[in-house]
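K.L.:
Make the full structure from the sequences, and use the hints.
Each chain, letter by letter, is given below.
There are 2 protein chains.
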Amino acid sequence: MADHKIISIDGMGGDHAPRIVVEGLERFAQTHPGVHFLLHGDEAALKPLLAKAPTAAPRTTVRHTDKSVAMDAKPSQMLRQGKGTSMWNAIEAVKTGDAVAAVSAGNTGALMALSMFILRKVEGVHRPALVGSWPTRKGVCAMLDLGADIAADAEQLVEFAIMGAAFSRAVHGVQNPRVAILNIGEEELKGHESIREGARLMRASNLPIDFRGFIEPDKIGSGNVDVVVTDGFTGNVAIKTAEGIARMISDMLKDAFKSGPIAMLGAMLVLPAMKTFRAKMDPRKTNGGVFLGLNGVVVKSHGGTDDVGFAQAIHVAASMGESNFRQEVEENLRRLAPATAAAAPAETAAS
Amino acid sequence: MADHKIISIDGMGGDHAPRIVVEGLERFAQTHPGVHFLLHGDEAALKPLLAKAPTAAPRTTVRHTDKSVAMDAKPSQMLRQGKGTSMWNAIEAVKTGDAVAAVSAGNTGALMALSMFILRKVEGVHRPALVGSWPTRKGVCAMLDLGADIAADAEQLVEFAIMGAAFSRAVHGVQNPRVAILNIGEEELKGHESIREGARLMRASNLPIDFRGFIEPDKIGSGNVDVVVTDGFTGNVAIKTAEGIARMISDMLKDAFKSGPIAMLGAMLVLPAMKTFRAKMDPRKTNGGVFLGLNGVVVKSHGGTDDVGFAQAIHVAASMGESNFRQEVEENLRRLAPATAAAAPAETAAS
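Heads up: the sequence lines are chains E and H, in that order.
Under the numbering used here, the first residue of the first sequence carries the number 106, and numbering increases by one thereafter.
Under the numbering used here, the first residue of the second sequence carries the number 106, and numbering increases by one thereafter.
The hints are simulated quantities; they were obtained by calculation from the structure and are not laboratory data.
Please read all numbers here as calculations on a predicted model, not as lab measurements.
Take every hint as true, because none was put in to throw you off.
Facing chain E, from chain H, some residues (calculated, C-beta under 7 Å): (1) 347; (2) 364; (3) 374.
No farther apart than 25 Å at their CA atoms in a straight line, the calculated lysine-lysine pairs in the PhoX-like style are these: (4) 179/E with 200/E; (5) 359/E with 390/H; (6) 324/E with 359/H; (7) 380/H with 390/H; (8) 380/E with 363/H; (9) 226/E with 179/E; (10) 359/H with 385/E; (11) 226/E with 295/H; (12) 385/E with 363/E; (13) 359/E with 380/H; (14) 363/E with 380/H; (15) 172/E with 152/E; (16) 324/H with 359/E.
Have a look at the derived ranges for each label pair, beta carbon to beta carbon: (17) 291/H with 124/E: 27 to 35 Å; (18) 308/E with 214/H: 20 to 28 Å; (19) 243/E with 439/H: 50 to 58 Å; (20) 184/E with 315/H: 34 to 42 Å.
Backbone N, C-alpha and C define an ideal beta-carbon position, used for all residues, glycine too.
P.N.:
In structure tokens form, the structure reads like this:
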């Protein structure tokens, strides 16, 4: 059995589960013949759906459980009572080696807490980080941390840079990712101490990473960097701001396009030309955040996505599972250890 | 002489000064007969422009100076050498009482440094804050701090709430502004300690402010709050993210609309229906940030704006100058003093 081609799926997580989960599985299976699935959830609900998924079904093993995690469950409660849920079992299968990665569209807080608890942090990583994809004029860029934690000191920002670069290579296929730290100016003197110190550590390190210094939030869309590093509070504010503005503009455009017969005719003529634009801004195309820094890959899908979005989240999991992500991160963390020691202030080194 | 109707203008600040400054003055003057202007800058450059501004010219006094602040000047350098520049003189006129407010489209860092130095902080305010306007589905909302400083503790967030509410009333005409603190979740347990403590102080205070707790960045566009309070680093990231996404979408739309003859025809039919949309997203309509917390009003206009945008910045200055902003803030700061003392931890109160 080729272990590296099995993806573990939480069949019951998300607003439209289990239907869109199985539909997403089928959609993904059609273009990825080598991947098999472990599907966790209620057999009685899953079997009829698999009957309508002729490509995925022969490659899917259902692992039955009655229990699932409610979308509004508290993470702390799930740590105590979550054992045996479809989410727990999906993650557990990564720990046991039955699968190379897990995907869930369920409750974010619970998924993060259970992933941390079951898989544990990689040695050398102080905090896990949630990485996601951000559309740019030239394609897509990776950003982390999007909210796994609220703070990050200088060393953690460097760890995020290492993990983000490996993610960009594994999932976005960028051979030599350009990495920058998010800041409110490009000058050395701007921003929090942790940010300035993080940039100094990056420059002092001998990491094989193309570090480009600071980037301002309004420059991300230019597509001139591939990885943007920030603390989880700031990253979460940035991504939610971007989502909010994009949604507001999209709603206003739709209102304008439907405002009368002439506008509707104009919209019909203009829509084909907007295909690239709509594809780029389609949140389903950037679905799939990954909790980096754990002993195993867990992908978080948006709870409200459809089969196209869920298939994209499986794609992220498969790309991570087939990549050298883990070895690359481990090697760079080893490179980092002597570099940060050398760059540390004298009094710390002497103590 | 009616002091409250004179606005002091930096004639030489901005990418297109002094031309757009005088054009903006003329545009504003046409709809505001009661306002007079003190225009600081090079008389030889300003006089010919005023000759083409028949409404503004009779109400404008030019105060000549050869010196101006370069767009790339360092703030520290301007503190030493800025005396006598058009920017310095524009601010100085507010201090002497010759004008109720100053407007400049010049170098932001220098304007902030000179304003702080010349006008000094209001007693009771720990840090000044830069407030700006953010478009929403229902109109506009005020956000602060947009980057006057990088950090803000709980008490400073409360001071921002007081100043933001007074700004919303004075400039946006909201009688009873709804105020919220920016956070990455709406629950009490989310976010930095300073944010949670700030919310606690707001609730414990007896301020006459309609405090609505936390707001997530993707909810600002709903228009359900009138003032959003945050630290300057986060606020600057949020506004630059919003600007970047809005510009990227706008550029992609323009590309789509120009991509071929059918799309161009469609765009022609659809554009009239997009009038409201374009007006709402027009950055000129929200031009004019104000440094709050100083002994006098200084308005920062975008450096690259045109006459429409500059007229809007003058409008912000005039609204602030004619309002009860200062008295309202002073009263609420007095209300706050006993409230924060009572809400302080026991050990502090006992010491």
